[in-house]
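Trainee: Chains as they are written, first to last, in the numbering used here: chain Z, 8 to 335; chain X, 8 to 335.
By construction, these hints were calculated from the structure, which means they are not laboratory data. Treat the hints with caution; some may be incorrect.
[Claimed, not checked] Pulled from the structure, derived: some chain Z residues nowhere near chain X, Cβ distances all over 12 angstroms:
1) 46
2) 108
3) 111
4) 299
5) 326
[To be verified] Computed cross-link-like contacts, SDA-like style, restricted to lysine to any residue with a CA-CA straight-line distance of at most 25 angstroms:
6) 268/Z with 224/Z
7) 283/X with 310/Z
8) 245/X with 317/Z
9) 268/Z with 316/X
10) 180/Z with 164/Z
11) 268/Z with 163/Z
12) 252/Z with 315/X
13) 180/Z with 104/Z
14) 252/X with 314/Z
15) 283/Z with 243/Z
16) 245/X with 181/Z
17) 245/Z with 314/X
18) 268/Z with 291/X
19) 268/X with 324/X
20) 268/X with 312/Z
21) 97/Z with 178/Z
22) 283/Z with 212/X
23) 283/X with 314/Z
24) 283/Z with 276/X
25) 245/X with 314/Z
26) 283/X with 319/Z
27) 268/X with 252/Z
28) 268/Z with 126/Z
29) 180/Z with 112/Z
30) 252/X with 97/Z
31) 283/Z with 272/X
32) 268/X with 126/Z
33) 268/Z with 324/X
34) 283/X with 248/X
35) 245/Z with 315/X
36) 268/X with 312/X
37) 283/Z with 279/X
38) 283/Z with 309/X
39) 268/Z with 312/X
40) 245/Z with 289/Z
Owing to the predicted nature of the structure, the values given are computational and were not obtained by experimental measurement. Glycine is no exception: its CB is placed at the ideal position from the N, C-alpha and C atoms.
There are 2 protein chains.
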Amino acid sequence: MESPGSDYTTVITKAFWWGKMSMARQLIECVPNFSEGRRSEVIEAIVDPFRRRRGCFLLDQRADPDHNRLVVSLVGEPGPIQEALLEATKAAIRHIDLEQHRGGHPRIGAVDVIPFVPLRNLTMEGCVELARSFGRRYHEETGVPVYFYEEAAIRPERRGLEVIRRGQYEALKEEITKPERLPDVGEPRLHPSAGATVIGARKFLVAFNVNLGTGDLEVARSIARAVRASSGGFCHVKGIGVALKERGLVQVSVNIVDYEKNALYRVLELVRMEAKRWGVEVVESEVYGMVPAAALLESASFYLQLAGFDPSQVIELRLLELLGGDKG
Amino acid sequence: MESPGSDYTTVITKAFWWGKMSMARQLIECVPNFSEGRRSEVIEAIVDPFRRRRGCFLLDQRADPDHNRLVVSLVGEPGPIQEALLEATKAAIRHIDLEQHRGGHPRIGAVDVIPFVPLRNLTMEGCVELARSFGRRYHEETGVPVYFYEEAAIRPERRGLEVIRRGQYEALKEEITKPERLPDVGEPRLHPSAGATVIGARKFLVAFNVNLGTGDLEVARSIARAVRASSGGFCHVKGIGVALKERGLVQVSVNIVDYEKNALYRVLELVRMEAKRWGVEVVESEVYGMVPAAALLESASFYLQLAGFDPSQVIELRLLELLGGDKG
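Only chain Z is shown next, with the shape it has when bound in the complex (with noise of 0.2 angstroms):
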């Protein structure tokens, strides 16, 4: 990806590169999270490098001064989305300090978690290839170890982020040299402010939530065990029983953790059974934050009945392809 003359404005040289994609050209998520969610001009500083580099799009941040966290969603490819990275985190890494950190988010590092989701033309395989590599580069320029998770871990029990981040960062400093805790890349020591991060592969993650017409909260949370994957439901999905007070409703939220194989009508008619054992109606559904177009077209072939539906009949998704495409 070389970038053509550095008079050109941000728009043209971004469309240009786009141009310059052919159909097999890859495309991928990456929803990097940072310790830092209060200070502005720190926010920033992280954020700018997203919004300048060509062939990465920044679709969305949002600082929570709570958590004292900073999540940024992105689109593009991959060879933009890394270089970006790498200015965006050593800028966190200049102003983050670990040891002065406050926050109600589990972390252990300035950068603290970087999954890489496979979007188009790129297998998870391909993807998981990514973050390593991006691990080691990340490493090599900043110093800060590395872990591995979900679809990257190369320990098996590092699929889970929350066993890397046990303890969080203070408690990974003083066991960091324990066998169990080593760095996957990088000598067994923390960064001495930005103490470490965890990078790896994911599918893309669908956010819904069932809203139910009760108050019974106990409602909720059976429903909940019976859709998710840690009580026996499906096998990608995640979920709990929250009570809504305001509205006095009860919500089954979930997160699929693979919408291609847990389809969000299934995880909803599921929902809507088992309520019906206790007389209760679903109200609502919601689509938290982004989903890919395939989410809602799968649920939409299924309730319609359509057969042989081809997702290159819908204008927008063809004129992407177009765009994307050596045909314009």
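With chain Z held as given, fit chain X onto it using these hints.
Mentor: Relative to the frame of chain Z, chain X by itself:
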């Protein structure tokens, strides 16, 4: 829309153009119909300008030898589409002689019909203006008389294409001097070889078929009558019953001419309800050809009971916005 240097490749100039689009730039569909479905070199001459012009995206071209007709589907900005249309229509007028033309589909001109469809950042009123100003310019540059139809009709009775095309080229040649058949633009005489052209504005048309588990055509016909506007059904639906003989099924074949007012799910559920009265089930449905994302997302929203859903939550739609926007 000025062209960048001609030594750019088509791909890059197209994306370059796209990059220059602001969020407020307009997007239209255009589906011109030409009276040539057999001679491949003529078809190629007509279609070539659509391929070459940046900002004009050729989604589909269907040449039917029996109909002796070519239907082209374009998406893009009004400016580039109009420029490409002028080139393509001049090629069609050069090569097609209505005096010699035979085919199964009704027609009055070498360039028979050009509908403009608003897709984004353009109202129907804006699209009507576009159709009428394009019609005047087309007449000036080609000498072909123009009739305006559908939303762009100047005479209310000309909303229907069938009224304008009554008796086809051969009858219109005799009757064009009659007051009720005078063209909307141009003198009351046909172009000696290219006839006349119908130009208009309409909403995006969704072709939607529902297959029923019976061989009884009367069931499909009866349900089509319940669903379509002409016999008292939904105001923006046309429909007929069709036998699918090889499969032993029947089909309710529907055109939804305003999918925002008559949603796909509502049509399907009405068909399902009526079919039950005959003890017949819906076997499957089918979206034929292109469809706007919103049409399917609305059905997904309905069945999933999604509350507060915003299409910009869909990654691909967001990406398209960003590519077309000032930030990238």
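Trainee: Now tell me if each hint is right for this structure.
Mentor: Now for the hints, and whether the structure bears them out:
1. Under the 12 angstroms C-beta cut-off, the non-interface status given to residue 46/Z relative to chain X holds; the minimum distance is some 23 angstroms.
2. With a closest Cβ-Cβ approach of about 30 angstroms to chain X, residue 108/Z is found to remain outside the 12 angstroms limit, as its non-interface label requires.
3. With 12 angstroms as the threshold on Cβ separation, the claim that residue 111/Z sits away from chain X holds: the shortest Cβ distance comes to roughly 26 angstroms.
4. For residue 299/Z, the condition that its CB be more than 12 angstroms from all CB atoms of chain X is violated, with the nearest at approximately 5 angstroms.
5. At roughly 6 angstroms from the closest C-beta of chain X, the C-beta of residue 326/Z falls inside 12 angstroms, breaking its exclusion from the interface.
6. Between residue 268/Z and residue 224/Z the CA atoms are separated by roughly 28 angstroms; this puts the pair beyond 25 angstroms, and the hint is violated.
7. In summary, the hint linking residue 283/X to residue 310/Z is supported, as the alpha carbons are separated by about 17 angstroms, within the 25 angstroms threshold.
8. In summary, the hint linking residue 245/X to residue 317/Z is supported, as the alpha carbons are separated by about 24 angstroms, within the 25 angstroms threshold.
9. Our distance criterion of 25 angstroms between C-alpha atoms is met by residue 268/Z and residue 316/X, whose separation comes to about 23 angstroms.
10. Taking the CA atoms of residue 180/Z and residue 164/Z, the gap is near 20 angstroms; set against the 25 angstroms cutoff, the hint holds.
11. Simply put, residue 268/Z and residue 163/Z have alpha-carbon atoms about 22 angstroms apart, close enough for the 25 angstroms limit, and the pair holds.
12. This hinted pair checks out: residue 252/Z and residue 315/X have alpha carbons roughly 19 angstroms apart, not beyond 25 angstroms.
13. About 14 angstroms separates the Cα atoms of residue 180/Z and residue 104/Z, which keeps this hinted pair within 25 angstroms; it holds.
14. Distance check on the hinted pair: residue 252/X and residue 314/Z sit about 18 angstroms apart at the alpha-carbon level, within 25 angstroms; holds.
15. Restraint check for residue 283/Z and residue 243/Z: satisfied, since their Cα atoms lie roughly 23 angstroms apart, inside the 25 angstroms limit.
16. Of the supplied pair hints, the one linking residue 245/X and residue 181/Z is violated, its CA atoms being roughly 73 angstroms apart against a limit of 25 angstroms.
17. Restraint check for residue 245/Z and residue 314/X: satisfied, since their Cα atoms lie roughly 21 angstroms apart, inside the 25 angstroms limit.
18. Simply put, residue 268/Z and residue 291/X have alpha-carbon atoms about 22 angstroms apart, close enough for the 25 angstroms limit, and the pair holds.
19. Between the alpha carbons of residue 268/X and residue 324/X the distance comes to roughly 22 angstroms, so the proposed pair stays at or under 25 angstroms and holds.
20. For the hint linking residue 268/X to residue 312/Z, the alpha-carbon distance of about 21 angstroms falls within 25 angstroms, and the restraint holds.
21. Using a Cα cut-off of 25 angstroms, the hinted pair residue 97/Z and residue 178/Z holds, with the two alpha carbons roughly 24 angstroms apart.
22. For the given pair, residue 283/Z sits about 39 angstroms from residue 212/X by alpha-carbon distance, which is inconsistent with the 25 angstroms threshold.
23. Taking the CA atoms of residue 283/X and residue 314/Z, the gap is near 21 angstroms; set against the 25 angstroms cutoff, the hint holds.
24. Distance check on the hinted pair: residue 283/Z and residue 276/X sit about 22 angstroms apart at the alpha-carbon level, within 25 angstroms; holds.
25. With a C-alpha separation of about 21 angstroms, the suggested pair residue 245/X and residue 314/Z falls inside the 25 angstroms cut-off, and the hint holds.
26. Taken as a hint, the residue 283/X and residue 319/Z pair is broken in the structure, with Cα atoms around 33 angstroms apart against an allowance of 25 angstroms.
27. A hinted pair counts as satisfied when its Cα atoms are at most 25 angstroms apart, and residue 268/X with residue 252/Z does not qualify at roughly 36 angstroms.
28. Among the hinted pairs, residue 268/Z with residue 126/Z is consistent with the structure: their alpha-carbon atoms are about 15 angstroms apart, no more than 25 angstroms.
29. About 17 angstroms separates the Cα atoms of residue 180/Z and residue 112/Z, which keeps this hinted pair within 25 angstroms; it holds.
30. Using a Cα cut-off of 25 angstroms, the hinted pair residue 252/X and residue 97/Z is violated, with the two alpha carbons roughly 67 angstroms apart.
31. Between residue 283/Z and residue 272/X the alpha-carbon distance is near 24 angstroms, which keeps this suggested pair within the 25 angstroms criterion.
32. Distance check on the hinted pair: residue 268/X and residue 126/Z sit about 33 angstroms apart at the alpha-carbon level, beyond 25 angstroms; violated.
33. Restraint check for residue 268/Z and residue 324/X: the C-alpha separation of about 23 angstroms stays at or below 25 angstroms, so the hint holds.
34. Distance restraint check for residue 283/X and residue 248/X: the Cα-Cα separation of roughly 16 angstroms lies within the 25 angstroms cut-off, and the hinted pair is therefore satisfied.
35. Of the supplied pair hints, the one linking residue 245/Z and residue 315/X holds, its CA atoms being roughly 23 angstroms apart against a limit of 25 angstroms.
36. Proximity of residue 268/X to residue 312/X is assessed by CA-CA distance (about 18 angstroms); at most 25 angstroms being required, the pair is judged to hold.
37. Only pairs whose Cα atoms come within 25 angstroms are accepted, and residue 283/Z paired with residue 279/X is accepted, the gap being roughly 23 angstroms.
38. Between residue 283/Z and residue 309/X, the direct Cα distance comes to roughly 20 angstroms. Compliance with the 25 angstroms bound is thereby established for this hinted pair.
39. Pair hint residue 268/Z plus residue 312/X holds up; C-alpha atoms about 21 angstroms apart against a cutoff of 25 angstroms.
40. Taken as a hint, the residue 245/Z and residue 289/Z pair is honoured in the structure, with Cα atoms around 19 angstroms apart against an allowance of 25 angstroms.
Checked against the numbered hints listed earlier, the structure breaks hints 4, 5, 6, 16, 22, 26, 27, 30, 32; every other hint is satisfied.
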